Amino acid sequence: MGKLIIVAGVPGAGKSTVLTEAWKRSEKDLKYTIISFGTEMLNLCQAAELVKNRDAMRNLSPDLQEELQWRATKQIAERPENTLLDTHCAIKTGSGSYLPGLTPRMLERLSPKAIILVDAHEAEIRGRRKLDKSRPLRTIESYEDISEHKVINRAYAAAFSARSGCLLRIIQNNTGEFDKAVDEFVETLKYIAQASSGATA
Amino acid sequence: MGKLIIVAGVPGAGKSTVLTEAWKRSEKDLKYTIISFGTEMLNLCQAAELVKNRDAMRNLSPDLQEELQWRATKQIAERPENTLLDTHCAIKTGSGSYLPGLTPRMLERLSPKAIILVDAHEAEIRGRRKLDKSRPLRTIESYEDISEHKVINRAYAAAFSARSGCLLRIIQNNTGEFDKAVDEFVETLKYIAQASSGATA
Amino acid sequence: MGKLIIVAGVPGAGKSTVLTEAWKRSEKDLKYTIISFGTEMLNLCQAAELVKNRDAMRNLSPDLQEELQWRATKQIAERPENTLLDTHCAIKTGSGSYLPGLTPRMLERLSPKAIILVDAHEAEIRGRRKLDKSRPLRTIESYEDISEHKVINRAYAAAFSARSGCLLRIIQNNTGEFDKAVDEFVETLKYIAQASSGATA
Chain A
109 MGKLIIVAGV
119 PGAGKSTVLT
129 EAWKRSEKDL
139 KYTIISFGTE
149 MLNLCQAAEL
159 VKNRDAMRNL
169 SPDLQEELQW
179 RATKQIAERP
189 ENTLLDTHCA
199 IKTGSGSYLP
209 GLTPRMLERL
219 SPKAIILVDA
229 HEAEIRGRRK
239 LDKSRPLRTI
249 ESYEDISEHK
259 VINRAYAAAF
269 SARSGCLLRI
279 IQNNTGEFDK
289 AVDEFVETLK
299 YIAQASSGAT
309 A
Chain B
109 MGKLIIVAGV
119 PGAGKSTVLT
129 EAWKRSEKDL
139 KYTIISFGTE
149 MLNLCQAAEL
159 VKNRDAMRNL
169 SPDLQEELQW
179 RATKQIAERP
189 ENTLLDTHCA
199 IKTGSGSYLP
209 GLTPRMLERL
219 SPKAIILVDA
229 HEAEIRGRRK
239 LDKSRPLRTI
249 ESYEDISEHK
259 VINRAYAAAF
269 SARSGCLLRI
279 IQNNTGEFDK
289 AVDEFVETLK
299 YIAQASSGAT
309 A
Chain C
109 MGKLIIVAGV
119 PGAGKSTVLT
129 EAWKRSEKDL
139 KYTIISFGTE
149 MLNLCQAAEL
159 VKNRDAMRNL
169 SPDLQEELQW
179 RATKQIAERP
189 ENTLLDTHCA
199 IKTGSGSYLP
209 GLTPRMLERL
219 SPKAIILVDA
229 HEAEIRGRRK
239 LDKSRPLRTI
249 ESYEDISEHK
259 VINRAYAAAF
269 SARSGCLLRI
279 IQNNTGEFDK
289 AVDEFVETLK
299 YIAQASSGAT
309 A
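Protein chains in written order, with the working numbering: chain A, 109 to 309; chain B, 109 to 309; chain C, 109 to 309.
Hints in this document: simulated from the structure, not taken from any laboratory. Be careful, since some hints might not be right.
Because identical chains cannot be distinguished in the list, a pair is counted as satisfied if it fits within a single copy or across any two copies.
[Stated by the list, open to error] Derived PhoX-like pairs: lysine-lysine, alpha-carbon spacing no greater than 20 Å straight-line:
#1 K200 to K160
#2 K132 to K258
#3 K182 to K288
#4 K241 to K160
#5 K200 to K288
#6 K132 to K288
#7 K298 to K136
#8 K111 to K132
#9 K160 to K132
#10 K182 to K111
#11 K238 to K288
#12 K182 to K132
#13 K298 to K241
This structure is a prediction, so every number in the text was calculated from the model and none was measured.
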C-alpha cells in the first residue's frame, strides 16, 4: 500500500496551486498521485447514476452521503501508489456550520502519514476570493468569518493528528512567498520519505 | 429518538438568552425542548437524597460524580423529543483548570447532530459579568483569562465534533447583534432539520 | 498506582524551571516524582545498546521508535508513586512538522489526572531561546513560528484532555510572574489531590 498524505486548506489559501507545483517539483524523486476526495465521491455517485453534478450530491440523504463517503475512503485507502489527498479539514456548510472532513473511521482506514494544511493571512484569502472569476456568485465572507474558519481548521487538523498519530504541517502561502511555500511542501514530503525509512536526523 | 443539539458558551456569552429566544421563534416549526445538563444532574442527586443544592454536588467523590453524569447522559439520550442541551464545552474549575464537559462515551451515547457555541468578544463578556447582579461574589476574570477560556472552548468543541462527526456552529452575540445571533441560531436549527431529511442544497 | 500529571510547554516557556520549583514547594505535602519521557526512552535505548545519545534515537526506524515509546509508557504507567511527567504536546520536527507527543493508546495507559501546559508570550520565548547558551546552534524561530507552535500545543492539549477526560491547566510564565506561575502550579496539584479525594468545593 502507498503512503497517503492529506492536504487541506480554506478556499483561497492556495492549496491546489501549492500542491500541484510541489507535486511537479518532487515528481521525479517521490512519485505521488494527486487525488481529490470530492471528485472521487462524485465519480462514485455518477457511476451509480445517483447525481449529475457535484452540487446535486448535497441533496442525497445523509445516510447515502455517508455510505458514498465511506466507499470513496475504502477505494482511496486501497490505492497501491503514494497519494496526496486533496480534501478539507472543516467543510463550511450553507448554514455557516462546520462539518469535519474526516471521521474517526475514515482516519483509521486512510492511516495518513501527515496532514498538510496550506494557510494564508485572512486579508490575502479574502482578496483571492474576490478575484476568483470562476465563482462570481460566491458570497465574500468577512475577515472575521475567514479567521474563524482558519481557527476551526487548525483545531480539527490537530484533533485528527492527535487521533491518528500522524504529522501535522502548516504551510503559509502569502503573496511573495509562493516559492517558499512550495519548498516547504517538498521538504515535508522528503522528510516523510526519510522518516518512513528510518533516517530523520 | 429525538434529535439532540448541544449548546455551549462561556459565562457571559449570552448562551441562555440566545437559546431561549431562538427556541421561542422556532417553536412552531421545529419543536425542541431545552434542558440543562447541570439541572438534570442536580435532579438525580436530589432524588437520591445525595445533596441539597448545586454547589454541594462538587463535594461528592469523583466516582460518584462520574456515575451521576453518566446516569444523566443516559436519561437525556433516551428522550423521545428533539432536545437543545444547555451545557459546557470547558468547565472552569476553582483551580483555574478546565474540565471537558463531554467525555467520549457521553458523546457516543448522546450522538448530537450539532454543537452550537455562543460566543462574544472578551470585552463584552467581561462587561456582562460585571453587571450580573445575581452573582455579586464572582471574581471578574481578566481579559486574558477570558480569551484563554474562549480558545479552549473552541478547541474542545472541535475535538468533540471531530470525534462524533457532528456539525459545529459558532455564533457571535455582541452588543447590537442579538437579533442576528438568534436568526443564525434558528437558521442552524432549520439546516439541521433539512439535512436530516436529506435536502440541504 | 500513583497519580500521573503530564507537564508540557514549548522550549523557552520555562516548563522545567516552573516544574522543579513547584515540586520543591509542594514536596512535603504532595510527594511527586519528576520524570522526563525523553530520558526514560533514552534509558531504554541505552540499556538495549541501540543508541549512545538522544539525537541518535531519531535515526531508529519508526517501528522501533514506536516500540520504545510504548515500552517507556508502560514502565511509567506502572510506577507506584505520584509522577509529574515532563513531555511534549507537539514535538516540532526538523521539517517544521508537528508530531503529537501522546497517542490514544499512550493516553489510555497513562490515564493522566491533568495536563499542565506552561506557556509564555512569543516575544519572551524568543528572547529566552536567544539567551540559551547551552544550545548555541539552535535556529531562532520567528515570532510567527513560535505563535503557531503555541496554538498547535493548545489544540493537541485540548484534544488529549477531551479524549482522556482529564483536567487541562494553562499557566503563564512571563517575566516578573515566576512566583505566580509556581503558585498556580502548586494550587493545581493541591486541587487535583482534593478532587481525587472528593472535596473540591
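Check each numbered hint from earlier against the structure, then list the numbers of those it violates in ascending order. When the structure is compared with the hints, numbers 1, 2, 3, 4, 9, 11, 12 and 13 turn out to be violated.
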